[in-house]
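Since the structure of chain D is provided, determine the placement of chain S on it from the hints.
2 protein chains.
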Amino acid sequence: MQFQVSDELIERIEFLIENQKDEELLDLLEEIHHADIAEIITELELEQATYLVKLLDSQKTAEALMELDIGVRERILETLSSKEIAEELEEMDTDDAADIISELSLERQQTVIAEIQDEQHAGDIVELLRYDENSAGGLMAKELVKVNENWSVTGCMTEMRAQAENVTRVHSIYVVDNKDKLKGRLSLKDLLTASSKANISDIYIPTVDYVNVHTEGEEVARVMQKYDLEAIPVVDEMGRLVGRVTIDDIVDFIREEAERDYQMAAGISEGVEADASIWKLTRARLPWLILALFGGFVSVTVLGTFDAAMQEHAALFFFVPLIAAMAGNVGVQSSAIVLQGLANQSLRGSLLQRLIKEVLLSLLNGVVLATLLLVGGILLLGFDFLFGLTIGISLISVIIIASLIGTFVPIILDKFGIDPAMATGPFITTSNDIFGIIIFFSIAKSILEF
Amino acid sequence: MQFQVSDELIERIEFLIENQKDEELLDLLEEIHHADIAEIITELELEQATYLVKLLDSQKTAEALMELDIGVRERILETLSSKEIAEELEEMDTDDAADIISELSLERQQTVIAEIQDEQHAGDIVELLRYDENSAGGLMAKELVKVNENWSVTGCMTEMRAQAENVTRVHSIYVVDNKDKLKGRLSLKDLLTASSKANISDIYIPTVDYVNVHTEGEEVARVMQKYDLEAIPVVDEMGRLVGRVTIDDIVDFIREEAERDYQMAAGISEGVEADASIWKLTRARLPWLILALFGGFVSVTVLGTFDAAMQEHAALFFFVPLIAAMAGNVGVQSSAIVLQGLANQSLRGSLLQRLIKEVLLSLLNGVVLATLLLVGGILLLGFDFLFGLTIGISLISVIIIASLIGTFVPIILDKFGIDPAMATGPFITTSNDIFGIIIFFSIAKSILEF
Numbered sequence: 001m002q003f004q005v006s007d008e009l010i011e012r013i014e015f016l017i018e019n020q021k022d023e024e025l026l027d028l029l030e031e032i033h034h035a036d037i038a039e040i041i042t043e044l045e046l047e048q049a050t051y052l053v054k055l056l057d058s059q060k061t062a063e064a065l066m067e068l069d070i071g072v073r074e075r076i077l078e079t080l081s082s083k084e085i086a087e088e089l090e091e092m093d094t095d096d097a098a099d100i101i102s103e104l105s106l107e108r109q110q111t112v113i114a115e116i117q118d119e120q121h122a123g124d125i126v127e128l129l130r131y132d133e134n135s136a137g138g139l140m141a142k143e144l145v146k147v148n149e150n151w152s153v154t155g156c157m158t159e160m161r162a163q164a165e166n167v168t169r170v171h172s173i174y175v176v177d178n179k180d181k182l183k184g185r186l187s188l189k190d191l192l193t194a195s196s197k198a199n200i201s202d203i204y205i206p207t208v209d210y211v212n213v214h215t216e217g218e219e220v221a222r223v224m225q226k227y228d229l230e231a232i233p234v235v236d237e238m239g240r241l242v243g244r245v246t247i248d249d250i251v252d253f254i255r256e257e258a259e260r261d262y263q264m265a266a267g268i269s270e271g272v273e274a275d276a277s278i279w280k281l282t283r284a285r286l287p288w289l290i291l292a293l294f295g296g297f298v299s300v301t302v303l304g305t306f307d308a309a310m311q312e313h314a315a316l317f318f319f320v321p322l323i324a325a326m327a328g329n330v331g332v333q334s335s336a337i338v339l340q341g342l343a344n345q346s347l348r349g350s351l352l353q354r355l356i357k358e359v360l361l362s363l364l365n366g367v368v369l370a371t372l373l374l375v376g377g378i379l380l381l382g383f384d385f386l387f388g389l390t391i392g393i394s395l396i397s398v399i400i401i402a403s404l405i406g407t408f409v410p411i412i413l414d415k416f417g418i419d420p421a422m423a424t425g426p427f428i429t430t431s432n433d434i435f436g437i438i439i440f441f442s443i444a445k446s447i448l449e450f
Numbered sequence: 001m002q003f004q005v006s007d008e009l010i011e012r013i014e015f016l017i018e019n020q021k022d023e024e025l026l027d028l029l030e031e032i033h034h035a036d037i038a039e040i041i042t043e044l045e046l047e048q049a050t051y052l053v054k055l056l057d058s059q060k061t062a063e064a065l066m067e068l069d070i071g072v073r074e075r076i077l078e079t080l081s082s083k084e085i086a087e088e089l090e091e092m093d094t095d096d097a098a099d100i101i102s103e104l105s106l107e108r109q110q111t112v113i114a115e116i117q118d119e120q121h122a123g124d125i126v127e128l129l130r131y132d133e134n135s136a137g138g139l140m141a142k143e144l145v146k147v148n149e150n151w152s153v154t155g156c157m158t159e160m161r162a163q164a165e166n167v168t169r170v171h172s173i174y175v176v177d178n179k180d181k182l183k184g185r186l187s188l189k190d191l192l193t194a195s196s197k198a199n200i201s202d203i204y205i206p207t208v209d210y211v212n213v214h215t216e217g218e219e220v221a222r223v224m225q226k227y228d229l230e231a232i233p234v235v236d237e238m239g240r241l242v243g244r245v246t247i248d249d250i251v252d253f254i255r256e257e258a259e260r261d262y263q264m265a266a267g268i269s270e271g272v273e274a275d276a277s278i279w280k281l282t283r284a285r286l287p288w289l290i291l292a293l294f295g296g297f298v299s300v301t302v303l304g305t306f307d308a309a310m311q312e313h314a315a316l317f318f319f320v321p322l323i324a325a326m327a328g329n330v331g332v333q334s335s336a337i338v339l340q341g342l343a344n345q346s347l348r349g350s351l352l353q354r355l356i357k358e359v360l361l362s363l364l365n366g367v368v369l370a371t372l373l374l375v376g377g378i379l380l381l382g383f384d385f386l387f388g389l390t391i392g393i394s395l396i397s398v399i400i401i402a403s404l405i406g407t408f409v410p411i412i413l414d415k416f417g418i419d420p421a422m423a424t425g426p427f428i429t430t431s432n433d434i435f436g437i438i439i440f441f442s443i444a445k446s447i448l449e450f
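Chains D and S supply the protein sequences, listed in that same order.
Counting along the first sequence from 1, when you hit position 405 you're at 405 in the working numbering, and nothing is skipped either side.
Counting along the second sequence from 1, when you hit position 227 you're at 227 in the working numbering, and nothing is skipped either side.
These are computed hints drawn from the structure, not numbers from a lab.
Where is the CB? At the ideal position from N, CA and C, for every residue including glycine.
No false leads were slipped in.
Not everything, but these chain D residues come out facing chain S in the computed CB check (under 7 Å):
(1) Ala258
(2) Leu281
(3) Leu293
(4) Val300
With a Cα cut of at most 27 Å, we get these calculated DSS-like pairs of lysine-lysine:
(5) Lys83(S) <-> Lys60(S)
(6) Lys226(S) <-> Lys54(D)
(7) Lys226(S) <-> Lys60(D)
(8) Lys179(S) <-> Lys146(S)
(9) Lys226(D) <-> Lys54(S)
(10) Lys357(D) <-> Lys280(S)
Next up, chain D with everything else stripped away, as it sits in the complex (with noise of 0.2 Å):
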């Protein structure tokens, strides 16, 4: 199919608005993927989108509304009644409903979930409410087939069905016992073989993959990458199917978690997209900024402490944004392997071990950036033998600190509990500069002696 949204439909669906043609903007629209409607509601005027979402029906755009960019959604829902929200709220799957009634304020979720039509799927919707939006209980959805170990194969069929009108996808039949607790799995394939009269207990597989509501999203996408599973069951405490977590949900939350952790290396302190207000962006970038401003701060003290050296060693100042730089990045480096080995459990071995290897490590690389710069500023810069020993030693004794720093900070914090993505980007780089100056400028009082 391969199909674009080109400037020419957005035009013509422009007119067609502009003149009230609704008869052909729904044959127009009628076969385009809700994918794509929201493509098209992203470039519409506020007001012209608003005219599409009503006139079209609230299947199609209910999908389409779960496609949006959370700000655009925001500005759609905000001029619909809470009847037409509730409208398509109907026509979603529990989990992307309870995202959407997530996004509102406090009041008008509840004049909103008055409105729906069907107790149980309102009920549902309420109930997801409740978790964490990271944990399995707030990926999921409700919507999945089960089965009754009691049931007969026959019975089971029927009931099968009518279950499955309400899921877009089966991917798997969960067997359940009387109190509705998860009993294992069972494959179409053995179902329509078995002879008509057996039971779902003689038939089923009781080993099935499961998580639990509080399981963390991190864990939930581990485990379903781990054994490639497109779908997971998930219990409640007392062991009872409540739900089920889809493939399509986890690859979004990886991409989400993943921009996340891009975005905080980066020193951004909230998800924002290029196309967020002046107002959200400064608001997401302003905190590490003063962070880094008061890590600046002190730096000047520090570099303040040693101003005895300008007579004698002005060229020591010269230097000193090179070693900041060579800390800060030797500190990211680091940090960022740790990181993502804390991220895939694969950090391994002893904090011993580790310890060992990164000295191992940055000496290597302190060793042959030391002999460049020193090879440099012999023949460019002229460098004395004192001037010249100061400047080596001072950098790799830098880098071995610095990688240090940005091993251990982030092990460290991630035995506290506190999430180990915060010890990157500006907070390495920061803390590296400042020790990295001290470093420099404590060896080079030693050894020049002023």
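Here is chain S on its own, set in the frame of chain D:
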């Protein structure tokens, strides 16, 4: 199930291997998932791991081999004969087999392929090896279920059952014409409810998303995520159906891409794990550090040209790391936001609009930060008016320039078809350090007149 590979289990397995209790080992491992077998293999010594791989039947080990880290897999494959590797490959899906073969030396590849008994399977693997590993061709598997549009529903059912034997998950049934060109897809429901006399051409759905063998992996992931697909067919240059990409491979791909971007932003130039050897880690880390060193050398030279300021305005030199740090942090923030916008295809509006927005944003950030700095400077360091003015104007200018560099360098690289992720992390911090220092001292020179 929530199975965990415990230390006790490992010890038990080690004991059984030492004492060659093959029967007990097979019993113990029979119920364990191949992904967990992979975890066990990783924990064992190489000799024990090889013993296990040779003991277990190749269907189980083939799947476990796929789950191993590349380093562990390499070491195990070295201990196996070409014939033994070929036996493993016979059990794998073509895409996995091709991935593993591509890790071998060219010479070994040939001897292994020659040992594969199933000619068809060998031919499919050889075909897949032709494609770039980051293209749809490199990601796809040959295993799929396809039917000819001219077949009858009855004939189709028999044929489908035979094909489905080789396919782990059917997902979709694709419809092709006599020349193997992709025509559409078939819903299992329509197939089951259709009259047995009907032809496939009467009941198939003629719209189907597909990609070309040369479509980039990033684009395949985007399409599958946008349309919530669990499999997508791949066609060759002539529109013939040649394979399909499944969501589990895309999940791995997305994660690997995210890790690669993250590492690149941290100045690590090839995918390395925390467990890699010191030599490999050095090779990944040293290139960017050498670049940063050269950058540092430039900044030394730049500062040297302003040494006339040292006599009267020594304090300027104390502010160098602060200015450099702010330039680096702002640049990294801007580049991270633009890079994600480029990756999401969510960058909208003209370059001029973006320029104006970026200037306004950094002006706002700059004024806030300069105010904080001045208040601190006046209270703690006793700035005089001209010095304060210098620092304030410099900070604001540096932030504006740094954010413009961070924003537009990736956009320009992208326009020229160069991976914009190159222009982040060390590259941006290093160049912004230098520009920051030049701007700072130029402004200082014109205000303080030295």
